[in-house]
Amino acid sequence: MNKLLAEEMYYLMTLGRKFEYAAKENYMKGNVSGFLHLDIGQEALSVGAIKAFEKGDVFATYREHVMAIARGLEPKAVMAELFGKVNGVSGGKGGSMHLFEPSRFFYGGDAIVGGHIPNAVGCAYARNLQGSEDGVMVIFGDGATNGGAFFESLNIAATHKLPLLFLCENNEYAIGTNIKYTAPFREQAKKAEPYMMTLSVDGMKAEAVYETIKEAQKLIEDGHGPVFVEAFTCRFEGHSVSDSNSYRSTQEMKHCKAKDPLVHFKKELLERWMCSDKELEKIEKKAQTMVDEAVVFAENSEEPNAAALFEHVFTEEV
Amino acid sequence: MLYREALNKALDEVMEIDDTVVTLGEDVGLYGGAFRVTEGLVEKYGEKRVIDTPIAELSIVGNAVGMAIGGLRPVAEIMTGNFSLLAFDQIINHMAKLHYMSNGKITLPMVVRFPQGVSKQLAAQHSESYEQMLSSVPGLKVLSVNDINYAYHAFKYAILSNDPFVFIEHELLYNKKGEVNFAQQLDPFKARIVKEGENITIISYLKMVDDVMQSVSAIESALNCSCEVIDLCSLNPIDYDTLAISIKKTSRAIMVEEDHKTGGFGSQVIAWVAEEMFYTLDAPPLRLGGTDTPIAYNRTLELASIPTPDSIAQDIIAWGKKNDV
Numbered sequence: 001m002n003k004l005l006a007e008e009m010y011y012l013m014t015l016g017r018k019f020e021y022a023a024k025e026n027y028m029k030g031n032v033s034g035f036l037h038l039d040i041g042q043e044a045l046s047v048g049a050i051k052a053f054e055k056g057d058v059f060a061t062y063r064e065h066v067m068a069i070a071r072g073l074e075p076k077a078v079m080a081e082l083f084g085k086v087n088g089v090s091g092g093k094g095g096s097m098h099l100f101e102p103s104r105f106f107y108g109g110d111a112i113v114g115g116h117i118p119n120a121v122g123c124a125y126a127r128n129l130q131g132s133e134d135g136v137m138v139i140f141g142d143g144a145t146n147g148g149a150f151f152e153s154l155n156i157a158a159t160h161k162l163p164l165l166f167l168c169e170n171n172e173y174a175i176g177t178n179i180k181y182t183a184p185f186r187e188q189a190k191k192a193e194p195y196m197m198t199l200s201v202d203g204m205k206a207e208a209v210y211e212t213i214k215e216a217q218k219l220i221e222d223g224h225g226p227v228f229v230e231a232f233t234c235r236f237e238g239h240s241v242s243d244s245n246s247y248r249s250t251q252e253m254k255h256c257k258a259k260d261p262l263v264h265f266k267k268e269l270l271e272r273w274m275c276s277d278k279e280l281e282k283i284e285k286k287a288q289t290m291v292d293e294a295v296v297f298a299e300n301s302e303e304p305n306a307a308a309l310f311e312h313v314f315t316e317e318v
Numbered sequence: 001m002l003y004r005e006a007l008n009k010a011l012d013e014v015m016e017i018d019d020t021v022v023t024l025g026e027d028v029g030l031y032g033g034a035f036r037v038t039e040g041l042v043e044k045y046g047e048k049r050v051i052d053t054p055i056a057e058l059s060i061v062g063n064a065v066g067m068a069i070g071g072l073r074p075v076a077e078i079m080t081g082n083f084s085l086l087a088f089d090q091i092i093n094h095m096a097k098l099h100y101m102s103n104g105k106i107t108l109p110m111v112v113r114f115p116q117g118v119s120k121q122l123a124a125q126h127s128e129s130y131e132q133m134l135s136s137v138p139g140l141k142v143l144s145v146n147d148i149n150y151a152y153h154a155f156k157y158a159i160l161s162n163d164p165f166v167f168i169e170h171e172l173l174y175n176k177k178g179e180v181n182f183a184q185q186l187d188p189f190k191a192r193i194v195k196e197g198e199n200i201t202i203i204s205y206l207k208m209v210d211d212v213m214q215s216v217s218a219i220e221s222a223l224n225c226s227c228e229v230i231d232l233c234s235l236n237p238i239d240y241d242t243l244a245i246s247i248k249k250t251s252r253a254i255m256v257e258e259d260h261k262t263g264g265f266g267s268q269v270i271a272w273v274a275e276e277m278f279y280t281l282d283a284p285p286l287r288l289g290g291t292d293t294p295i296a297y298n299r300t301l302e303l304a305s306i307p308t309p310d311s312i313a314q315d316i317i318a319w320g321k322k323n324d325v
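Chains as they are written, first to last, in the numbering used here: chain A, 1 to 318; chain B, 1 to 325.
With the rest of the complex left out, here is chain A (with noise of 0.2 Å):
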């Protein structure tokens, strides 16, 4: 990592952090309906991974905005596919959880739990089959490893040595129920262990993150096979808007955002990379910049029309 790189993931979770809440206010005004998963808490995982896997195809859960936009989304097209207007980037027929954008290599976006890692599985062979250099990373939450899609995954792409980075966020929950219910140890990692290389890292720092999964890579690139990365994190906000996150005490969540990424990165920055206070103030601004716009952009894209209701049902009508 270098200065330059430092302040640009800095950006990217400042941009997402404000983009998250700015979504969050138009939920509550009404601009955005259905499901909307925000990501506050975990931007350093987020950030960090995708930065950290530049090229190479990602495939994301529901819980995707901020990857998106680190990936390369426009934060516009993303805002407008939370109103569900026609310049969203699925064109308002995906919404908060559907964002795809194949030209970046990403795809969503995935509503059902564990079930776009087969699909991840299936695009690692293919990258295989076609000698590609670039590997794929499939990210999903500590609920989905108890699920048979991703213990299917793990025996098929260990068999075939497929160039998949498995990103576990494990924020301990699922919906409103503690891991400690659901699963025997808190370690998703040990699921994947007879299977391939585990490696975890604290997901609340965005350095960590970004090394973690480089080194992850690096694992892929030299022929080991699938890698399994678990990153221990903490979402601030209930599972969705319409989760009112009463199962977690004050204390806990004072413990939870005592660990807030943003605060630990900046000191990173002024600390480390010797950033001035003034250089963060201008990158927040900008940030903010970019969120404003993005909301007036949504405010003023068209609804889809009547016709789009039809459109691309198949690739070719009969």
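There could be a bad hint or two in this list.
Said to hold, decoys possible - Output of the computed footprint for chain A on chain B, the stretches with three or more beta carbons under 8 Å from beta carbons of chain A:
| id | segment |
| --- | --- |
| 1 | 33–42 |
| 2 | 63–70 |
| 3 | 133–142 |
| 4 | 154–163 |
| 5 | 278–290 |
As the list claims (entries may be wrong) - With a Cα cut of at most 30 Å, we get these calculated BS3-like pairs of lysine-lysine:
| id | chain 1 | residue 1 | chain 2 | residue 2 |
| --- | --- | --- | --- | --- |
| 6 | B | K190 | B | K248 |
| 7 | B | K48 | A | K191 |
| 8 | A | K55 | B | K105 |
| 9 | B | K48 | A | K218 |
| 10 | B | K48 | A | K161 |
| 11 | A | K55 | B | K48 |
| 12 | A | K218 | A | K282 |
| 13 | B | K105 | A | K24 |
| 14 | A | K161 | B | K322 |
| 15 | B | K105 | A | K18 |
| 16 | B | K48 | A | K214 |
| 17 | A | K161 | B | K44 |
| 18 | A | K282 | A | K259 |
| 19 | A | K214 | B | K105 |
I should point out that these hints are in silico values taken from the structure, not numbers from a laboratory.
Note that the Cβ used here is the ideal one computed from N, Cα and C, for glycine as well.
With chain A held as given, fit chain B onto it using these hints.
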């Protein structure tokens, strides 16, 4: 040529000209496929393109979706339809929806091959049909072909198309003999008139078309009429135009299917007949289908649970007499 050989030839020819085509499934490689459809392909194209998978149907279809995203044209084989229930999340939530949800940005050129149906004493967990569920999912094209020539052309079309297809096969059709006209240009979505007739339109698909054909002469002599038999070929979309022309001519419509009658695929066809063809009809439409029971192992019970040439003839003759055909 046998039905399974026609499918094998179609797949072989496409794999030969397009190296993005791969096939995957349990036993498709060294074993040659549970129904020998992929026989000889692994020797020709290697293990990387003819992929023996674990018996994990969710992954067979889920991986195929990912392969299609990654630029391949996968042909996934579900060994038998009942096993596909483990893959239905992938079929419905991923395969059928990603193109639409991404506003057309993701395309999934893929085929899921789907052997199914009552074979011979395979009991309740190896005998069912799922076209009623598959054909009701927006975003899937569903072919279900009785004829060998049509099967060859339709399968090839499906592999080369950019849309996701389910290609339903009947386990008792694999050894059916027939000819393939390789030079023919064939529309896989157009229903096939198997036999022309004037007085009754009998609509069917897959193996039941053969059972209907075996029953036709008995029906025609008992009712002193002639039957037109139509093989739907495509279950989504349905070629209503061909059905409408036939029913206008005959003014009678019968649907024959193997699946459990309640909620069966034919209910869609007969609902359409009731809505769109009502005033052309000279008799109430008739639906023949399987009993609303799981499929039994015992051969007598098994045969009693599905239409057979004898039961089809008997039921249609009784209906004809009641309705003054």
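Checked hints:
no.	hint	verdict
1	33–42	violated (count 0)
2	63–70	holds (count 8)
3	133–142	holds (count 3)
4	154–163	holds (count 3)
5	278–290	violated (count 0)
6	B:K190 with B:K248	18 Å, holds
7	B:K48 with A:K191	28 Å, holds
8	A:K55 with B:K105	19 Å, holds
9	B:K48 with A:K218	24 Å, holds
10	B:K48 with A:K161	13 Å, holds
11	A:K55 with B:K48	24 Å, holds
12	A:K218 with A:K282	34 Å, violated
13	B:K105 with A:K24	27 Å, holds
14	A:K161 with B:K322	67 Å, violated
15	B:K105 with A:K18	28 Å, holds
16	B:K48 with A:K214	28 Å, holds
17	A:K161 with B:K44	23 Å, holds
18	A:K282 with A:K259	24 Å, holds
19	A:K214 with B:K105	29 Å, holds
In this structure, the hints that do not hold are numbers 1, 5, 12, 14, in rising order.
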